[in-house]
Structures are given as structure tokens and as C-alpha cells.
Amino acid sequence: VLEVGEGQLEFDTAWSPAIPPIEVLARRFPKTTLTHFFAECGCAFAGYVQYVNGESHEEIWEDLVFSEQENEEGYCDVVGPDYVLEHFSHYGG
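Numbering (the working numbering), first residue to last: 1 to 93.
Rather than coming from a laboratory, the hints here were simulated on the basis of the structure. From the three backbone atoms N, C-alpha and C, an ideal C-beta is built for every residue, glycine too. Careful: at least some of the hints might be erroneous.
[Stated by the list, open to error] Across the chosen pairs, the derived CB separations fall in these ranges:
| id | residue 1 | residue 2 | range |
| --- | --- | --- | --- |
| 1 | F88 | V52 | 21 to 29 Å |
| 2 | F11 | E68 | 25 to 33 Å |
| 3 | S56 | L85 | 40 to 48 Å |
| 4 | L85 | G42 | 12 to 20 Å |
Could you build the full structure based on these sequences and the hints that come with them?
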């Protein structure tokens, strides 16, 4: 880590949330508070794990919320939870 402050890394995985490698990253940098947000549209769930001092401090898993109306492509848009809308540029799935 070159600078102290806030940063964001966004990536896609082929299957489930990348919990094991993020746990390793959190343990490697224990003085950093790390929050791992994830969203899986194919299985309609999202969540986050916050790591403090290299350990899991808070963990949330919940259903994605979709719009009742379909968009022009014939899909329902993700409309919640709020942290998904705030932290992702797209919601693959």
C-alpha cells in the first residue's frame, strides 16, 4: 500500500464472491479496515463483509431487490440494497 486513505478495487469473478482471497488480503493488512461488497445477479443475492484488524467484524448476506417493471431489454433492474447501487459500476450475473 503506497498511500494511506480510501481506495476501491472492483472486479468480477466467474462464480461466487471471492471471500477466501479477500480474507487473506485482510489478514495481510491488519491495520486497514477493508469492506468487501459483492452482488450476484444470477442467484439474486448481495452482501458485504467488513474486516477490522484482519478479522471479520460484520457480515451481511441478503436478497437483491429488483424493479417490478422490465427495462427496454426485457430485464428487471436492480434497485436495492442501497450499498449495491452505491458501490458497483455494473451488476454482472
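Checked hints:
Roughly 23 Å separates the CB atoms of F88 and V52, a value that falls within the hinted 21 to 29 Å. At roughly 31 Å, the beta carbons of F11 and E68 sit within the given window of 25 to 33 Å. Against the hinted window of 40 to 48 Å, the Cβ-Cβ separation of S56 and L85 comes to about 24 Å, which falls outside the hint. For the pair L85 and G42, the supplied restraint of 12 to 20 Å holds, since their beta-carbon distance comes to about 18 Å.
In the structure shown, a violation is registered for the earlier hint numbered 3 alone.
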